[in-house]
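Q: These protein sequence lines map, in sequence, to chains R and Z. Heads up, the first sequence is in the numbering used here, so the first residue is 1 and it goes up one at a time. Heads up, the second sequence is in the numbering used here, so the first residue is 1 and it goes up one at a time.
These are calculated hints, taken from the structure and not from any lab test. Heads up, the beta-carbon is just placed ideally off N, CA and C, and yes, glycines get one too. Hints should not be assumed to be uniformly reliable.
Unchecked claim - Residues of chain R placed beyond 10 Å of chain Z at every Cβ, according to the derived structure:
no.	residue
1	Cys162
2	Met175
3	Ser182
4	Val337
5	Val360
6	Lys412
To be verified - Keeping only pairs whose Cα atoms sit at most 20 Å apart, straight-line, the calculated SDA-like set for lysine to any residue is:
no.	chain 1	residue 1	chain 2	residue 2
7	R	Lys407	Z	Arg82
8	Z	Lys204	R	Ser401
9	R	Lys289	Z	Arg82
10	Z	Lys204	R	Asn397
11	Z	Lys407	R	Lys407
What the hints assert, rightly or not - To give an idea of the chain Z side of the interface with chain R (calculated C-beta under 7 Å), a few residues:
no.	residue
12	Asp171
13	Leu286
14	Lys289
15	Ser293
16	Ile297
17	Glu390
There are 2 protein chains.
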Amino acid sequence: MSEELEGNCLVAQSGGPTAVINASVAGVVAEALNNPCIEEVYGGMNGVLGILNEEIIDLAEESQQNVRGLRYTPASALGTCRFKLKRDQEYERIIEVFEAHNIRYFFYCGGNDSQDTADKISKLAQSKGYDLRVIGVPKTIDNDLVTTDHSPGYGSVVKYICSVVRESAMDHEAMGQHDLVSIIEVMGRNAGWIAAGSTLAKAKDNANDAPHLILLPEVPFSKDKFIEDVQAVLKKNKYCLVVVGEGLIDKDGNYIANSASGQDSFGHQQLGGVGDFLASVVEQNLAVKARSSKLGIGQRAAAHCSSQTDNDEAFLAGKAAVKAAVAGETDKMVILVRAEGENYQCETSLAPLSEIANGVKEIPEDWISEDGISMNAKFIKYCQPLIQGEVEVPFENGVPSYVRLSKRRIRKVLDPHEFE
Amino acid sequence: MSEELEGNCLVAQSGGPTAVINASVAGVVAEALNNPCIEEVYGGMNGVLGILNEEIIDLAEESQQNVRGLRYTPASALGTCRFKLKRDQEYERIIEVFEAHNIRYFFYCGGNDSQDTADKISKLAQSKGYDLRVIGVPKTIDNDLVTTDHSPGYGSVVKYICSVVRESAMDHEAMGQHDLVSIIEVMGRNAGWIAAGSTLAKAKDNANDAPHLILLPEVPFSKDKFIEDVQAVLKKNKYCLVVVGEGLIDKDGNYIANSASGQDSFGHQQLGGVGDFLASVVEQNLAVKARSSKLGIGQRAAAHCSSQTDNDEAFLAGKAAVKAAVAGETDKMVILVRAEGENYQCETSLAPLSEIANGVKEIPEDWISEDGISMNAKFIKYCQPLIQGEVEVPFENGVPSYVRLSKRRIRKVLDPHEFE
Chain R
1 MSEELEGNCL
11 VAQSGGPTAV
21 INASVAGVVA
31 EALNNPCIEE
41 VYGGMNGVLG
51 ILNEEIIDLA
61 EESQQNVRGL
71 RYTPASALGT
81 CRFKLKRDQE
91 YERIIEVFEA
101 HNIRYFFYCG
111 GNDSQDTADK
121 ISKLAQSKGY
131 DLRVIGVPKT
141 IDNDLVTTDH
151 SPGYGSVVKY
161 ICSVVRESAM
171 DHEAMGQHDL
181 VSIIEVMGRN
191 AGWIAAGSTL
201 AKAKDNANDA
211 PHLILLPEVP
221 FSKDKFIEDV
231 QAVLKKNKYC
241 LVVVGEGLID
251 KDGNYIANSA
261 SGQDSFGHQQ
271 LGGVGDFLAS
281 VVEQNLAVKA
291 RSSKLGIGQR
301 AAAHCSSQTD
311 NDEAFLAGKA
321 AVKAAVAGET
331 DKMVILVRAE
341 GENYQCETSL
351 APLSEIANGV
361 KEIPEDWISE
371 DGISMNAKFI
381 KYCQPLIQGE
391 VEVPFENGVP
401 SYVRLSKRRI
411 RKVLDPHEFE
Chain Z
1 MSEELEGNCL
11 VAQSGGPTAV
21 INASVAGVVA
31 EALNNPCIEE
41 VYGGMNGVLG
51 ILNEEIIDLA
61 EESQQNVRGL
71 RYTPASALGT
81 CRFKLKRDQE
91 YERIIEVFEA
101 HNIRYFFYCG
111 GNDSQDTADK
121 ISKLAQSKGY
131 DLRVIGVPKT
141 IDNDLVTTDH
151 SPGYGSVVKY
161 ICSVVRESAM
171 DHEAMGQHDL
181 VSIIEVMGRN
191 AGWIAAGSTL
201 AKAKDNANDA
211 PHLILLPEVP
221 FSKDKFIEDV
231 QAVLKKNKYC
241 LVVVGEGLID
251 KDGNYIANSA
261 SGQDSFGHQQ
271 LGGVGDFLAS
281 VVEQNLAVKA
291 RSSKLGIGQR
301 AAAHCSSQTD
311 NDEAFLAGKA
321 AVKAAVAGET
331 DKMVILVRAE
341 GENYQCETSL
351 APLSEIANGV
361 KEIPEDWISE
371 DGISMNAKFI
381 KYCQPLIQGE
391 VEVPFENGVP
401 SYVRLSKRRI
411 RKVLDPHEFE
């Protein structure tokens, strides 16, 4: 146990929002208020971007209702950013802001890039002899952070997608008269964790349940094999439901649907995403109808169908970050650790920020079935516990009712930062 | 009160599924079992298509759990069809099947086309002197049935879409750093009821809430006006959220995205839907990023976020159909009637099937604001009550758990039908 460090804490959020990243902030706030060495509990607006501008709010002034409401409110209540600090000047400015407000604890909720930023801030503070404890809180629907068993945000997006897949499948089954190929495009630019998770929509006792084909960025796309796979499903079933990750690539590593160039990897003009592309492949090559849907941004914010397990772990991770910092830890990220044994249990531990920053966790090859289009029991055993339990979201006037923080800004004391 | 008619009843489902059409079947079954004049309670598989083939199940043999589970199970538990009876021979066959199984009560859950079919079956029975009472049960997410105030299925799809819109909006707001145009494509080929309903995602006290633009098939699309409208929103807001009905048309009445021809109405090759088209219009004409999503089939089956009011009314409509038939009514559809007064109250009444069959209910012109992109207070007053209350869906292993009927077929007694 290192010596007690007195001062203020600041929590901020970075990268794409999730259904549970605010639960992590709630965890930080709840635990910070338990520790007398932490004086003020601040929130940084829009990640490092707001901190550069001294856009800081007093979280202790928020009503208890608001803080409690963070537990089920999706997106990033403090605002977020995809801004990458580039110049030394910018890092210096962050430390300057921290010094100006006696911020001694910095909690950053985010993915790889954000933990890289946190790491650099931490190292700079050390080199300047400014006593600062920096702890990262994992967050990403993509589930691609290394060292942690899984990441808060992932279980909830999977739960929502499984619900949509199961409900869509029931619709197709009811229609049941003609061959139909239905394609659901989900997020996941670099890893297929999200698409893979949709396998949990299958009932345990029915291997023929949807999704029938899961297309992952980890398995290079072959048009011929895809057509064969669809045909094989349609021999057994009246419809074929395909879940595809947006980042599907061909054998040369090119995205099948490249939204930047507006072309697919075959050079065709392509307005839609990879789901639309697959639908056109089906209709051009098989005498069946294809439909596609694309769940879009809504999937990562779908708190109305989010996982209580995921939510609890996000909250736990926030609390663990504060506990670790108060105990003297710094330059680490909270990780989730799956306890040994048959029954799922999740604990927290710590890993160096530098390790997180430079890794991408891929789906282990031996969790994907040999057919390349389905997940095996190892994956299911891993993923199943993460979607358990339903977060109860309050509705008002028929629509989910979420909180908006009152965001009382603290007084700026520095001159505005002028670079950029 | 006409004289009591003894015999069996048959309920069937037709057209696109909804989140609550099974609740109507549950209502029929519950009420049928209350009436001793109804002997057997049968279900016809896949609408008239299954009836032609004597594919009939004994609903009284289903467990109570199953029948109770129909209350929250989406899609069509009896299977459905889009099959249109064309030849006299086919209508004759339906009557033959009814006679063979002493079916004296026929309840058909469906939209315009289905009620047209029911009407013709009823008239044929009358002309043949076969005593049959036919009552339609309204069903459509499109809300385009005439004479009824609204249709079961509509409130639930609106509730789900409002949840997705609100959650997506919170995500965009959190990102908040750059101009973004987000387009959500929803169902509605011929009428904009569904897209219009998304207006309920706005909080009462915040006119700047999403959705910022609602594009309806009722208001011909103009590219220039659309670009201007987006620009106007982006002057006030950091992002612009657009909800568009899939059936958006241009001033000549052509679909903006014509999935049949694979071309948009300007003759460009078009794989995606109208949402993708609008995104490309934004990116080509304004220096902002656009994203689109397309909720697809999942939206009409989203029981996990369905309206209790809608569900109750679907059940009520099923019960009302049986009550009316037992009381001697025939050749009518149950309609929902909004009671006078400030507080919403829904009652049932009856309207002739022939009236339903030939009408399409459009959004009254004076419910659309003059700007052509938003709904006014009249629409809100109409739609708001329909999404109230949340259906509690059981989850098992993290995913909504719905029932599947055991579907015990009754013995066929006729020769197979051979035409077609």
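Q: Each of the hints needs a verdict: does it hold here or not?
A: Right, here's what the structure says about each hint:
| no. | hint | verdict |
| --- | --- | --- |
| 1 | Cys162 | violated, 5 Å |
| 2 | Met175 | violated, 6 Å |
| 3 | Ser182 | violated, 6 Å |
| 4 | Val337 | holds, 21 Å |
| 5 | Val360 | holds, 22 Å |
| 6 | Lys412 | holds, 19 Å |
| 7 | Lys407/R x Arg82/Z | violated, 53 Å |
| 8 | Lys204/Z x Ser401/R | holds, 12 Å |
| 9 | Lys289/R x Arg82/Z | holds, 15 Å |
| 10 | Lys204/Z x Asn397/R | holds, 10 Å |
| 11 | Lys407/Z x Lys407/R | violated, 57 Å |
| 12 | Asp171 | holds, 4 Å |
| 13 | Leu286 | violated, 16 Å |
| 14 | Lys289 | violated, 10 Å |
| 15 | Ser293 | holds, 2 Å |
| 16 | Ile297 | holds, 5 Å |
| 17 | Glu390 | holds, 5 Å |
Comparing the model with each numbered hint stated earlier shows that hints 1, 2, 3, 7, 11, 13, 14 do not hold.
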